[in-house]
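**Q** We have chain D already, so just place chain C on it with the hints.
Number of protein chains: 2
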Amino acid sequence: MVERFNFSRTPYIIFGNGRFEELPGLAAGYGRNMLLLTGSSSLQKSGYYSRLTEPLEKRGINFDEARIEGEPSPDIVDDISNRFRDKKPDVVVAIGGGSVLDAGKAVSAMLPAEESVSVMTYIEGVGAGKEHSGEKVPYIAVPTTSGTGSEATNNAVLSRIGEGGFKKSLRHDSFIPDIALIDPELCLSCPPKVTAASGLDAISQLLGAYLSTEASVLTDSIVERALELAGRNFIPACTTGSTDPEVRAGMAYASLMSGIALTSAGLGIIHGLASPVGARVSIPHGVVCGTLLGEAVRLNIELLEGEGKAGRKYLRKYARSVALLTGEGDARINESEVEDYCRLLINTIEDWLGQVSMPRLGEYGLGEGDLEAIAEKSGSKNNPAELSRDQIKQLVRCRI
Amino acid sequence: MVERFNFSRTPYIIFGNGRFEELPGLAAGYGRNMLLLTGSSSLQKSGYYSRLTEPLEKRGINFDEARIEGEPSPDIVDDISNRFRDKKPDVVVAIGGGSVLDAGKAVSAMLPAEESVSVMTYIEGVGAGKEHSGEKVPYIAVPTTSGTGSEATNNAVLSRIGEGGFKKSLRHDSFIPDIALIDPELCLSCPPKVTAASGLDAISQLLGAYLSTEASVLTDSIVERALELAGRNFIPACTTGSTDPEVRAGMAYASLMSGIALTSAGLGIIHGLASPVGARVSIPHGVVCGTLLGEAVRLNIELLEGEGKAGRKYLRKYARSVALLTGEGDARINESEVEDYCRLLINTIEDWLGQVSMPRLGEYGLGEGDLEAIAEKSGSKNNPAELSRDQIKQLVRCRI
Chain D
1 MVERFNFSRT PYIIFGNGRF EELPGLAAGY GRNMLLLTGS SSLQKSGYYS RLTEPLEKRG
61 INFDEARIEG EPSPDIVDDI SNRFRDKKPD VVVAIGGGSV LDAGKAVSAM LPAEESVSVM
121 TYIEGVGAGK EHSGEKVPYI AVPTTSGTGS EATNNAVLSR IGEGGFKKSL RHDSFIPDIA
181 LIDPELCLSC PPKVTAASGL DAISQLLGAY LSTEASVLTD SIVERALELA GRNFIPACTT
241 GSTDPEVRAG MAYASLMSGI ALTSAGLGII HGLASPVGAR VSIPHGVVCG TLLGEAVRLN
301 IELLEGEGKA GRKYLRKYAR SVALLTGEGD ARINESEVED YCRLLINTIE DWLGQVSMPR
361 LGEYGLGEGD LEAIAEKSGS KNNPAELSRD QIKQLVRCRI
Chain C
1 MVERFNFSRT PYIIFGNGRF EELPGLAAGY GRNMLLLTGS SSLQKSGYYS RLTEPLEKRG
61 INFDEARIEG EPSPDIVDDI SNRFRDKKPD VVVAIGGGSV LDAGKAVSAM LPAEESVSVM
121 TYIEGVGAGK EHSGEKVPYI AVPTTSGTGS EATNNAVLSR IGEGGFKKSL RHDSFIPDIA
181 LIDPELCLSC PPKVTAASGL DAISQLLGAY LSTEASVLTD SIVERALELA GRNFIPACTT
241 GSTDPEVRAG MAYASLMSGI ALTSAGLGII HGLASPVGAR VSIPHGVVCG TLLGEAVRLN
301 IELLEGEGKA GRKYLRKYAR SVALLTGEGD ARINESEVED YCRLLINTIE DWLGQVSMPR
361 LGEYGLGEGD LEAIAEKSGS KNNPAELSRD QIKQLVRCRI
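Residue numbers (our numbering), protein chains in the order written: chain D, 1 to 400; chain C, 1 to 400.
So here's chain D without its partners, still in its complex pose (with noise of 0.2 Å):
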């Protein structure tokens, strides 16, 4: 049976190992003004950068830029759109990991606004709750970390740290890129904690859109073939596999996916909780998943077990989501086997969780006397199970 769902457009996809060379033609292909806005200086070092920007001046595309150092503030946003708006730029193009994408999206969205309109207006739950037009910038963003899927998606996430800080989204469906270019090589530099941060919130994502309330049969398929790319290339990825294309490949493609399946069919209780943590304590997006994961995936598997006939239905998609991500995803998975797939699953994420030396929450800085603030702020979002706030606040608490 085909149940009801709605599934939101998908940027233009350009895939592949080597396609960063497309980009100054694509770019080039809205006009001749064009805002980059880079990360670190990475970037430069890498030489990617003249392999851009030289192909822009012989075109006699002019470019201006802007850097994004950490996670995009709405001062951010305001100050780089009010900046370069008198230029006109006729593209965006973004390239980094999903703080850049992120503050990218906001741009582009930002520059068809009047100056003294701030982002803040738009931005979800805490801004003045108007709701923005659309009208954007034609936008390409360039992903070079795999974990966001920020790529793919119809929103950004800025924020303000601290007591009384945020992390909240700029959210319209005309923001989703209109190009994503994916060229994994980018990642191949990406050094082994970031790659293993955004790993594991690609994976997230990826279980988050599979178990969410909203999954359809669409972003089951997409997130299916994903679950089993991430298994296979994600410690890899973090170790032996880092300088190899293919490994990278793999990880960018179950990045991808797991944007476009968020966007359709949500997250769960991680993603609820990324949030209030990241407003909190200045922690990498990826940290707060990956972190998180085994011990939600835990939680969540407890009360769906409670749940009787209603929670069985995300028992069989855990259990088929750890057989995915093991390479055995043409297991035909009796209903008396889905326990043991469950605690597989649990086992798995441990497992990973250890090889990667993942760092606790307690690292940044949070503690117990943080957890009332951040569980009352938290949102179940579309997870499957619904969780108390003390049980929310056990979760952060183990991982603390």
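Where chains are identical, the list cannot tell them apart; a pair therefore holds if satisfied intra-copy or between any two copies.
Taking lysine to any residue pairs in the SDA-like style, the calculated list, with each CA pair at most 20 Å apart, reads:
1) LYS130 with TYR30
2) LYS130 with GLY29
3) LYS317 with GLU328
4) LYS313 with SER336
5) LYS317 with ASP330
6) LYS377 with ALA128
7) LYS381 with GLY311
8) LYS168 with GLY129
9) LYS193 with GLU363
10) LYS313 with ASP330
11) LYS377 with ARG160
12) LYS193 with ILE400
13) LYS87 with GLY29
14) LYS317 with GLY329
15) LYS393 with GLU295
16) LYS317 with GLU305
17) LYS88 with ASN62
It should be emphasised that the hints constitute simulated quantities derived from the structure, not laboratory data.
**A** Below, chain C alone, put in the same frame as chain D:
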């Protein structure tokens, strides 16, 4: 390994039984002027017509209407565009089979043009070969048959039939509908012959995209689930299950996915023949695809078996496709079984063609004398095997 691929964007998809009722609200979201394209009178008779027009009237939406009878010609598209251009529709809504959806797509693309410009200017291969800018009026596609997948494709097939006739595409990625609203209940009144022909069109598109030289891991993962649903629901939809909304939903999903997959992966020899055959004699597109399906698969398999290692990966995919179609999707197919599965695929298709009494091409007036001209105008598209002109003639001859 994830091979390089491109993937076109998808429409925003709204799928599910009963969701037709959301159409007035969706259309109203674009503005107060709407152009509505429908096909024969069956929509009016069914009651769906008033379920659309009454809410539109209540909302104060002005709507103009045009009817599409049969497959659309460039003249029809020009005529409708010219007739309604001055009304400045904010949105074009088409409700019908592939012909109506293609007409709506072409009209939405021609409304912003000058009156003096014919759609012929932009049609591939037969017009002036000018590139369309992609500017169009927003377009909502609502299929009432499960076959062409036009609700998700980037092209509109327009034709002139007879000697010197053609059947060619107006194509641009921006022509992918903004919204595809698929309410499988709209197909409940679709007669068995139309259900059979369009169902086989969808299946031939799924197989064509799956076996395409441009298939990707993403199109494969979308197609595989659709093949399962098509295999389970095709015969029921044509027979005892025709009034079962779940059966219709299975075929509607398969058709939608075939449109998404073919837009990125392309198609094979069947669709390379459908245009010249359909341009020569008046015959439903689905009948051409359906009647050729068995022989085309047989010929491809024969040629791939002669290709050694190069053909092997495609033979494995044919084997996997029949496992999916027959509900053995989790079967682990050994190398030694590939040939047996390929035979099973040919037999399964032949059995289906028999069960639905698929007509032969001769019944529509096609004869030996047409073969040379058809073979000359045919294209192998992304067919996995290369076919000689004689092989193509022989393929069509088998189904005269």
